[in-house]
Amino acid sequence: MLEILQYSFMQRALLAGMIIGILCPLIGIFIVLRRMSLIGDSLSHVALAGIAAGILTGIYPLGMALGASVLAALAIEKLRKTYEQYAELAIAIILSAGIGIAVVLISMARSFNVDLFGYLFGSITTVLPEDLRLIAALGLFIIGSVALLYKELFYIAFDEEAAALAGIPVQWINIFFIIVIAATITLSMRIVGVLLVSSLMVVPVATSLQIAGSFKQAMLFSLIFAELAVISGIIISFYFELASGGTIVLVSIFILIAVLLGKNIRQGIQAKKTVSENKKTASL
Amino acid sequence: MEKIIQLRDVSFGYDGNRVLEKINLDIFEGDYLGIVGPNGSAKSTLLKLMLNILSPQEGSIRLFDQEQHRFKDWGKIGYVPQKATSFNSSFPATVEEVVGANLYPLIGLFKPMGKKYRDKIYEVLQVVGMESYGKRLIGNLSGGQQQKVFIARTLVSSPQVILLDEPTVGIDLKSQGEFYQLLEKLNKEMGITIVMVSHDIGVITEKVSRVACMGDKRLVTHHSCCNIPFNEVLTQFYGDKMKLMVHKHNH
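If you read the protein sequences in the order shown, they are chains D and E.
For the first sequence, full-length UniProt numbering gives the first residue as 1, with consecutive numbering after it.
For the second sequence, full-length UniProt numbering gives the first residue as 1, with consecutive numbering after it.
Check each hint, because a few of them may be wrong.
[Said to hold, decoys possible] Straight line, CA to CA, 30 Å or less: simulated DSS-like cross-link-like pairs of lysine-lysine:
hint, chain 1, residue 1, chain 2, residue 2
1, D, Lys272, E, Lys135
2, D, Lys216, E, Lys135
3, E, Lys72, D, Lys81
4, E, Lys72, D, Lys78
5, E, Lys135, D, Lys273
6, E, Lys174, E, Lys120
7, E, Lys135, D, Lys81
8, E, Lys116, E, Lys76
9, E, Lys174, E, Lys72
Bear in mind the hints are in silico, worked out from the structure with no lab data behind them.
Model, not experiment: these values are computed from the prediction.
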């Protein structure tokens, strides 16, 4: 355990991971409950186009990715209104545009494949000090603002129309929220990779929905599951030299399966108890 | 009596097809108004116009004696939508969390919910008889119970008028009876004005004090439901083949 902390790149990876482990489920729970689960995939592909453009032009890639995904997020919000009855179409359009641009840019410069591999699948050895600074500053800002807007985001996720009628500034909060999604994806890319960012937003939430007895609990459990997955995933990937993104996501899937199994076993025991109690009452 | 909602020559259509033509309607303080009409007679559209979810293409709407676009005090107007349409039943929220949501605009952005507001939640849950369900998940309740929670959600911001859109669709008969009793209590004891849209003309006319009939893009109001020329109205709005059958059971 201590050996891990001797390396400064591991210290950075763990710190960045811990922030991302809060960010992803915090945003993810609202995404899942609003049935926008695919938005993460869509924006991460646009972010990949931003990374490719950054490497090609020599501008800080994470910055370019952040700009590209925020613009794409705003486009999704606009398209969501144009295709009101097919809100998921907006997500699909932006996904196509993102991957199209990314592939073209990648084919234009064939030399940066190694770097790109890290962005695609996540790499703990490549979290640079400036990446950590960006992740910490923007990450803490997002965590703070979501905590402050928690009630409003909850109401909009539960019933957007009623929230608007109750006088909540739904439109502004929606725009703010979608920008926050874009930023979260960009920040998480270094650790979990473009292809798996969305999983870290969705899987811990899916796990917590199995056992949550309230919205607060759903939030708390998804934070715990995500942190567990990120920290143990980073440690495992360090010792076995695996891609961190894949390892983290596999750990979170493992937690999901464990929770599902645990829930089934508990329900089975309860059902048996009820049957035997019923038998007892019947025989009396 | 104060006019709470006033519609003057309001017209509205979807994609050029007029569904409402020059509608005039006055809703007074303390009213218990039922809006009835066949499916597709734009009853829900009329409610959405009052709530500013849709805007009239012609005519004007006044709320509490103010032009609708100037009106800010939306807490005064409660809305209970059709249960099935706007609610995800697997949402992990407790009854307390759902009811509390309508307090958010009162509490204000960036502030947590204090004890004063928590007490208010249980006060209104008591009014609808659901105070022991505060910690239960909304998705685990029956349709009738969920609808009571949604009434509590509107009550928590102390509205003066509540608009309900087909509130009893998908709810069993016994719960419907309890639900109408609750509405009567809100209207008679708490003085809340109630406007209810329904396609069930038989039930609604027994409960409300005033009926508005919709159909063929128009609306006709009757000041007391006892003297509605039912068969005449039905033929006018529902077509020739419709007659109202009233029968009573002797228990």
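Structure-based check of all given hints:
1. Distance restraint check for D/Lys272 and E/Lys135: the Cα-Cα separation of roughly 26 Å lies within the 30 Å cut-off, and the hinted pair is therefore satisfied.
2. Of the supplied pair hints, the one linking D/Lys216 and E/Lys135 holds, its CA atoms being roughly 12 Å apart against a limit of 30 Å.
3. A threshold of 30 Å between alpha carbons decides the hint, and for E/Lys72 with D/Lys81 the separation of about 24 Å falls inside it, so the pair holds.
4. Restraint check for E/Lys72 and D/Lys78: the C-alpha separation of about 26 Å stays at or below 30 Å, so the hint holds.
5. In summary, the hint linking E/Lys135 to D/Lys273 is supported, as the alpha carbons are separated by about 25 Å, within the 30 Å threshold.
6. Distance hint between E/Lys174 and E/Lys120 is fulfilled; the C-alpha atoms sit about 28 Å from each other, no more than 30 Å.
7. Taking the CA atoms of E/Lys135 and D/Lys81, the gap is about 35 Å. The hint is violated against a cut of 30 Å.
8. Proposed proximity of E/Lys116 and E/Lys76 is supported: the alpha carbons are some 20 Å apart, at most 30 Å.
9. Among the hinted pairs, E/Lys174 with E/Lys72 is inconsistent with the structure: their alpha-carbon atoms are about 38 Å apart, more than 30 Å.
Going down the numbered hints, you'll see the structure goes against 7, 9, while the others check out.
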